[in-house]
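Engineer: Since chain A is already given, all that's left is putting chain B on it; use the hints.
As they're listed, the protein sequences go chains A and B.
Going letter by letter, the first sequence gives residues 1 to 245 in my numbering.
Going letter by letter, the second sequence gives residues 1 to 221 in my numbering.
To be clear, the hints were calculated from the coordinates, so they are not data collected in a lab.
Please note: incorrect hints may appear among the correct ones.
What the hints assert, rightly or not - Straight-line Cα separation of at most 27 Å, DSS-like style, residue types lysine-lysine; simulated pairs: (1) K49/A / K202/A; (2) K102/A / K112/A; (3) K102/A / K118/B; (4) K137/B / K49/A.
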Amino acid sequence: MGLSVRLRKQVDRFLLDISWEMGNELAVLFGHSGAGKSMTLQLIAGLMKPDEGFVSSNGNVLYDSAAKINLQPQRRSLGYVFQDRILFPHMTVAENIAYGLKSSTKHETEKKVTEMIRLFHLEGLERRHPREISGGQKQRVTLARALVGEPDALLLDEPFSALDNVLRVEMRQLLRDIRHQFDVPIVLVTHDLLEAYTMADKVILYSGGQVAHIGHPSEIFNNSSNPEVDFFLALNFPLLVAHTP
Amino acid sequence: MDDTVLFSLRLSFQVAVIATFFVAIVGICIAYILSRADFRGKELLDILFTLPLVLPPTVVGYYLIILFGRNGYLGKYLHEFTGWSIMFTWYGAALASFVVALPLMIKTTRASFESVDKSLVDASYTLGHSELKTVLKVVLPLSKKGIIAGIVLSFARALGEFGATLMVAGNIPGKTNTMTLTIYSMANSGEWMKANVLVLFFTFTSGAFLYIANRFSKRMV
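In isolation and in its complexed conformation, chain A is listed as follows:
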């Protein structure tokens, strides 16, 4: 299980040129805005076409420029959670979740949706529309919708950035539970240091369209020996670096 990613994509004057692998774990793509993290997710999901490279998930090749393989997003079996405005406004909570199932009988759909409603603590909101629920509830529905079809991996693009601090802590715990329960590899994009530090099994540090470093969070943030990393930390978190001996 896991993802293998090697991608090259030029957009105007920005060049993304990255390569990383992950197993059945939670990998955090960390770096400041414009480093190419979200773009990587879009390329993995097939919402954008790379110039060249290779993407495989769970051993299945999703994209291979050399072999001219480029699966449509529909056929990649990846759960994708966008930053915001992500629920279908004309569908109820239950309908939104059910939409994550491709083809199943009515009975099966009902069973799976009920299960998701329970797991994500959405009881009583089934018939509400997205505009009638809170931000945290919305993000839980999105996660439920992305997971109900049992994807091979879950791609999360700054899923909690629009939430307040308390909710964010709650959602991080929920995400850990999900990882445990569904046993699914998760790629989490964030520019929140605390989130990266507390959530990641593996941190993939992005800088200017390239991977600056890959490693365990403590290794990266505590005793980095990589000048790129030091520079990045000093640039973004001067207070933190000042306290590091």
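Structural biologist: For chain B alone, kept in the frame of chain A given last:
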């Protein structure tokens, strides 16, 4: 009411309903292609479909005669194989209404398709759904307002069509004299009382349509 008046009322509605039916189907398809696909000649196609909106109706009618007339580029073959021509029939009136109403449908529908958040479309794709299913379940429901507005505008335009209809279908009493043509004839021959009835009817129906359309679109936020 006078027979002529009743006939032209019925004919006008018949023509407008048929024309709007096809305008809705064709318009939604073209609007979707223009809003989502990217291809060479797209802007040219857009201009071509918009032209009937700005061209004088007589010019549109003239083109239709050249295309569908008994000796027209397309009408020639139709006449050869079936011995029938669309000219001077109520089908011709429906065709004229279709052509002049289509741009209104395409414009409003395209705008509402383009206002559907692309990340919702992407979300549907990543959830494993085909483009067709995404259109049916996400794009169309979220564009409902624009589509209904387009249908109402097209219907009003089709109902009020005059110039192109006159050229293609003529003004044959008991055959192709729609409301607008009848009003013209009556005004010409000084039958003011009858014309008044039609004009008032036209005004009230159109007003009612706009009222209903407004009420309906307000309810669907």
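Engineer: Each hint needs a verdict: does it hold in this structure or not?
Structural biologist: Hint by hint, here is what the structure shows:
Among the hinted pairs, K49/A with K202/A is consistent with the structure: their alpha-carbon atoms are about 26 Å apart, no more than 27 Å. Using a Cα cut-off of 27 Å, the hinted pair K102/A and K112/A holds, with the two alpha carbons roughly 12 Å apart. At most 27 Å may separate the alpha-carbon atoms for a hinted pair to count; K102/A and K118/B meet this at roughly 20 Å. With a CA separation close to 25 Å, the supplied pair K137/B and K49/A stays within the 27 Å bound.
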